[in-house]
Amino acid sequence: MPVIRVEDLRKSFGENCVLRGVSIDVAAGETVVIIGASGSGKTTLLRCLNRLEEPSGGAVWLDGTSVGGSLAEGSGVWRPASEKQAAAQRSQFGFVFQRFNLFPHLTARDNVAIGPEKVRGMSRAEARALADIELTKVHLGQHADKRPAQLSGGQQQRVAIARALAMKPRVMLFDEPTSALDPELVQEVLDVMKELAQGGMTMVVVTHEMSFARDAADRVIYMEDGVIAEEGPPTQLFGSPQTEGARRFLRHLSHD
Amino acid sequence: MNIDWEIVRESIPLLAEGLVVTLQISAVSAVLGLILGVILGLGALSRSRLIRWLVLAYVDFIRGTPLLIQIFLVFFALPMIGIRFDEFWAGVIALSLNAAAFVAEVVRGGVGSIERGQTEASMAIGMRHRQILVHILLPQAYRQMVPPLTNELISLVKNSSLLSVISVYEITRAGQAIISVNFVPFEIYTLLALYYYVLIKAISWLSARIERKLPAW
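Each protein sequence line maps, in turn, to chains G and A. UniProt numbering applies: residue 1 is where the first sequence begins, and numbers increase by one. UniProt numbering applies: residue 1 is where the second sequence begins, and numbers increase by one.
Just so you know, these hints were derived from the structure itself, not from any lab.
Distance condition first, Cα-Cα at most 35 Å in a straight line; then the derived DSBU-like pairs of lysine-lysine:
| # | chain 1 | residue 1 | chain 2 | residue 2 |
| --- | --- | --- | --- | --- |
| 1 | G | Lys137 | G | Lys84 |
| 2 | A | Lys213 | G | Lys146 |
| 3 | A | Lys213 | G | Lys118 |
With the sequences and hints as input, model every part of the structure.
This is how it looks when you write it as structure tokens:
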């Protein structure tokens, strides 16, 4: 059974149709990289997986359980999940934002510990001990007492990764995690993500970093106009793209 | 024009007695208004549409009517339906109800000004609406709520002078009593202005200190 199954996912913002029917299976331990021009629907797809956006149609399954609600037996009427259920399901997804979104009033340690403490119900001491372990995994053990404002962008993004990992998610979703970083800080974040991928974490990554896709992806998905235009292993998609759209997109990237 | 210094000297302690009542009324009203205002502000941020609507309707009513009318409603109209307070408590209640509406707006605005990404990041780790408010949004909003709350407190102190019309013996009423006996409006109103001015300066100074003490990041 795939960890994530996406079935005919659709999303419109008013008249603007952003996702036009996307279906993906992500297997346990797999790293899927999603590429595509801005406006192609990559970020919206990611945000529909953990219900930061409510999809307009289609379904997402996590470990075989419908996310965000369920179809009533028999009648087939969609019953949205309660706020409590939705929150519990969301905690199964780790989400890393382009702009980090760390909590500025908390130290790095408390940024990581607050989820385990408030959501998982750990004691404060347990949660903080766990936070220190997760921060060490992203090579920030020395910076646990600092506030986000005292950390570089790359360090902040690694704290954000640790914050997501501390929830022991089934899958990690990355939304352009290095796009807001100064160029010299990109690599330290990509390195942490590669370590995660190698460690067997299931990951879906929206990124423009083709080096990461080449090194760490099991599969690359190219999106265009709200649909999957092409997908395959990185060697295939980068080596001999089949669609004109993918060829043009990759050519543009290499010219940057 | 001759200033009657004798009256001024005698009035200073008399007005000080009134000032004590003004301070009492302001302090009690500020505390009650703050408590009620925070509750209403959280109501305005509630997930329930009905609660949000009720709070907005209340705020709309308070903002849309003069405080003087609100004072009369509490003091003269409520007794008609059997709810009776003495003038001191009628004044405190009117001022508290009025301040609460504005405090609610400050709380709502302060929380609303925290960027959306904070809520999304909290949602992403599975926090619920109430937890996000309590642990993430409110702690970040405290500091920026201090200046507008200070303005509200200053308004409240000034507005307490309106309670003179329902014979609460606060400082303005105390001054008017002196004037009615001695007819010295220039001396007394100038003194009253000075008293209020010094009091409000003190509040501003205190507020700036509190704001500096609150953590920034």
